[in-house]
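K.L.:
Sequence:
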Amino acid sequence: MNLTKNTAIAGNVPVVIVASAFGVESIRRDGHAMWAEVAARAGAAGFEVRRELFADDTQSQPDSLRELGDTIRAAGIWPVYSTPATLFDDHGALDETAMTQTLAEADALGARIVKFQLGGSATTGTATAADTLERLIAGIADSKAKVVVENGQLKAGGTIDAFAALFEALKPRTHALSMTFDTGNWRWADQDPMEAARRLSSYVTYVHCKAVQGEGARRFATAPAIGDTSFATLLKHLPRDVPRGIEFPFDPAHLADDAARYVKQIASTDQ
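The sequence shown begins at 1 in the UniProt record's numbering and counts up by one.
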């Protein structure tokens, strides 16, 4: 599967705009389709549909997802499907129901990438027993989308060790499951992003880009500043040929302009 087929700007990595960048209320009010077209006009290669931003349950039904996927592709870009569902439950066991449902929804959308949260327990982590991993591999084997897990903002599913343990246990079949590396979420989980990049970069096939301001509960996502050397250095330690998603909020008064500006900035950082 070629995740870099449609590049936003020739010679640079493809950029995906995450729906939430346009604002939660904008997406819930107008629907994903309208803003996917804005993303396409901004030069994005892909658009990330967020399940938690559906206005009602009808939008997650197969017919609605197929229609949305067709609209996104008609705009000349490809869809990514994101769910807040976790691969592992609070006890570290594989959540096969959530996995199966999400993969079916991603298939209906025609997603190129489908993104889960890792989940698991902050104390016991994720299950790495051979039989559990066999069921995981079997469960995602027929997915038409690339299956990835993202580091979240909680200790459960947000630690470097949890991802390292999972991918180590999956060897030599790590190609079956890969990682969305969120550059900012590590801060919420009190993890060092640079250490995460050094230990996990070989498993990364999608990057969520954002900077973080504030401390503790007052942290918030923001756009990486032009010339932000720490952000650029972090990207240098990650694969340079994988899609980069914009997951920070645009200015509500300049949504379309911000989208175009940040697509160019994120595509060219460290290139």
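Treat the hints as calculated values from the structure; they're not laboratory data. There's no promise every hint is true.
Simulated pairs of lysine to any residue, SDA-like, Cα-Cα distance not exceeding 25 Å [stated by the list, open to error]:
(1) K236 x G139
(2) K236 x S26
(3) K264 x P249
(4) K264 x G216
(5) K264 x G92
Ranges of calculated distance between the beta carbons of each label pair, as one might list FRET restraints [to be verified]:
(6) T58 x T97: 34 to 40 Å
(7) A93 x S268: 18 to 24 Å
(8) H175 x H91: 25 to 31 Å
(9) Q265 x D131: 26 to 32 Å
(10) A169 x R219: 27 to 33 Å
(11) A164 x Q213: 40 to 46 Å
(12) E96 x G227: 28 to 34 Å
(13) D131 x P252: 16 to 22 Å
(14) D30 x D131: 33 to 39 Å
(15) P252 x R135: 40 to 46 Å
Being a predicted model, the structure only gives us computed values, none of them experimental. In this text, a Cβ means the ideal position worked out from N, Cα and C, and glycines have one as well.
K.L.:
Is it true that the C-beta distance of E96 to G227 lies inside 28 to 34 Å, as the hint says?
P.N.:
At roughly 46 Å between Cβ atoms, G227 and E96 fall outside 28 to 34 Å, so the hint is violated.
K.L.:
Keeping to a limit of 25 Å between CA atoms, is the pair of K236 and S26 held or broken?
P.N.:
Violated, at about 33 Å.
K.L.:
Looking only at beta-carbon atoms, does the pair Q265, D131 fall within the given range of 26 to 32 Å?
P.N.:
violated (46 Å)
K.L.:
Run the distance test for K264 versus G92: straight-line Cα separation, threshold 25 Å.
P.N.:
violated (40 Å)
K.L.:
With respect to the beta-carbon atoms only, verify the hint that A93 and S268 lie 18 to 24 Å apart.
P.N.:
43 Å Cβ-Cβ, so the 18 to 24 Å window is violated.
K.L.:
Does 27 to 33 Å hold as the CB distance between A169 and R219, or does it fail?
P.N.:
holds (31 Å)
K.L.:
Against the range 33 to 39 Å, how does the distance between the Cβ atoms of D30 and D131 compare: consistent or not?
P.N.:
violated (45 Å)
K.L.:
Between P252 and R135, is the Cβ distance one that fits in 40 to 46 Å?
P.N.:
holds (44 Å)
K.L.:
At the C-beta level, are T58 and T97 separated by a distance inside 34 to 40 Å?
P.N.:
violated (21 Å)
K.L.:
For a C-alpha distance cap of 25 Å, please report whether K236 and G139 respect it.
P.N.:
violated (33 Å)
K.L.:
Is 40 to 46 Å a correct range for the gap between the Cβ atoms of A164 and Q213?
P.N.:
Because 28 Å falls outside the window, the suggested range is violated.
K.L.:
Decide if the proposed pair is consistent with the structure: K264 and G216, CA atoms, cutoff 25 Å inclusive.
P.N.:
violated (31 Å)
Figure legend: structure checked against the earlier numbered hints; hints not met, in rising order: 1, 2, 4, 5, 6, 7, 9, 11, 12, 13 and 14.
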